[in-house]
Amino acid sequence: MRYAKFLLSIVLILFCFFTNSQCLAVTIIPDLSELGIVAKVYGGINILGNAPDYEWWYGCSPTAAGMMMGYYDLNGYQGLSYDNLIPGGQAELSSFGHPGALANQAIASPEHIADFWKGYGQSGDPLASGRTRPDDFNCLADFMGTSQDDVGNTDGSTIFFLYNDGRKLTAEKEFDLGIAQFSGLYGIGEYLQYCGYNYVPGSLYIQYTDNLGLPYGFSFQDYKNEIDSGRVVMINVEGHSMFGYGYDDATQTVYLHDTWWEGQDSMIWGGSYYGLPMIGVVCFTPTGGSPQNSPVPLPPAIFLFASGLLGLVGLGRKGLKS
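Start counting the sequence shown at 15; every next residue gets the next number (the working numbering).
Be aware that one or more of the hints could be misleading.
[To be verified] Beta-carbon label-pair distances, calculated as ranges:
#1 Ser-280 with Pro-113: 20 to 30 Å
#2 Ala-128 with Ala-264: 46 to 56 Å
#3 Gln-235 with Val-214: 18 to 28 Å
#4 Gly-103 with Gln-207: 15 to 25 Å
#5 Pro-229 with Gln-306: 37 to 47 Å
#6 Gly-135 with Gln-306: 39 to 49 Å
#7 Ile-282 with Asp-149: 18 to 28 Å
#8 Ser-304 with Asp-242: 18 to 28 Å
#9 Ser-304 with Ser-243: 12 to 22 Å
#10 Asn-239 with Thr-146: 39 to 49 Å
#11 Ala-142 with Ile-59: 43 to 53 Å
#12 Gly-133 with Asp-190: 30 to 40 Å
#13 Leu-141 with Asp-236: 19 to 29 Å
[Said to hold, decoys possible] List time: in silico DSBU-like cross-link candidates among lysine-lysine, alpha-carbon distance up to 35 Å:
#14 Lys-238 with Lys-187
#15 Lys-187 with Lys-132
#16 Lys-238 with Lys-182
The set of hints was computed from the structure by calculation and includes no laboratory data.
The structure displayed is predicted, hence computed values, not measured ones.
All C-beta atoms in this analysis are idealised placements derived from N, C-alpha and C, irrespective of residue type, glycine included.
Can you make the complete structure from the sequences, with help from the hints?
Okay, here's the thing in structure tokens:
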């Protein structure tokens, strides 16, 4: 199997409490790794068109978030344009074989790499760009805290928090809990604002999926609702983040891009992706776009374990740095 090469290392790094809730952080180290998809909606299958396919770039979580940004940059949402989500021009459909892609600069900029990268899984931020942090943050990996020592991330890692009973954890609630500066989820919202947009209040959230036997959970029907509404989803399996953009209702198949290999991949809802169990999702609804000259075609149709909040370090955060 082509995925037999990847290495997964799980290291428990954080144990804390929020009120009566237990908070854990886990570092997972996955390995690195054809587009041209047109919209397909037939017989219970909905695959969103113009779905970006980006190669792993200094963290799987910012790379997956970058595909979400690229999707809205290319397609807009509800007739509004979001064409600055990948600054400097139009988002590419694929970054494979193109390290200089605009999408890569939005995922992890040269300044981010100079400041926070020594080598995969390493610690010790070089801080070599000369910029002021966080005032000069300029990419998803910056805002999401990827690879940043001051929040306990080794190079390539990102922290997420989740309710262990499977409830949605919103960006607003993270702010109230005082964990926003450590959170990859909250950083996605900061990046949206950095680009001149925002998210609908309450719509930026992370949640366990319903296959974990928890009281609550994000279901396949919830996923279908997102896709049918023209919204893409970050799919979190154990130790890795991916980009979901379609489904097959008959088989409960999720169509995704995995950051490792170019082309359409898939997994069964609630199952495993080459040995990595599905555990959660990240969703948001963008707002603040500008009118488009022509309407956008509308589709027809990553973890709380234990008894409280779990911080899952997927592959990279900032922390609001001083």
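Here is what the structure says about each hint:
1. A hinted range of 20 to 30 Å holds for the C-beta pair Ser-280 and Pro-113, which are about 27 Å apart.
2. Take Ala-128 and Ala-264: their Cβ atoms lie about 48 Å apart, and the range 46 to 56 Å holds.
3. Between Gln-235 and Val-214 the beta carbon distance is about 20 Å. The supplied range of 18 to 28 Å therefore holds.
4. For the hinted restraint 15 to 25 Å between Gly-103 and Gln-207, the CB-CB distance of approximately 21 Å keeps it satisfied.
5. Roughly 42 Å separates the CB atoms of Pro-229 and Gln-306, a value that falls within the hinted 37 to 47 Å.
6. At about 43 Å, the CB distance of Gly-135 to Gln-306 agrees with the hint of 39 to 49 Å.
7. At roughly 45 Å, the beta-carbon separation of Ile-282 and Asp-149 lies outside the given 18 to 28 Å, and the hint is violated.
8. Judged by the Cβ atoms, the range 18 to 28 Å given for Ser-304 and Asp-242 holds: they are separated by roughly 25 Å.
9. Under the hint 12 to 22 Å, the C-beta atoms of Ser-304 and Ser-243, about 20 Å apart, fit the expected range.
10. A C-beta distance of roughly 42 Å is found between Asn-239 and Thr-146, which places it inside the suggested range of 39 to 49 Å.
11. In this structure, Ala-142 and Ile-59 meet the distance hint of 43 to 53 Å, their C-beta atoms being roughly 48 Å apart.
12. For the pair Gly-133 and Asp-190, the beta carbons lie near 36 Å from each other, so the given range of 30 to 40 Å is met.
13. Look at Leu-141 against Asp-236: about 41 Å separates their beta carbons, and that is not inside 19 to 29 Å.
14. Simply put, Lys-238 and Lys-187 have alpha-carbon atoms about 25 Å apart, close enough for the 35 Å limit, and the pair holds.
15. Proximity of Lys-187 to Lys-132 is assessed by CA-CA distance (about 33 Å); at most 35 Å being required, the pair is judged to hold.
16. With a C-alpha separation of about 17 Å, the suggested pairing of Lys-238 with Lys-182 holds against the 35 Å cut-off.
In summary, the numbered hints that this structure violates are 7 and 13.
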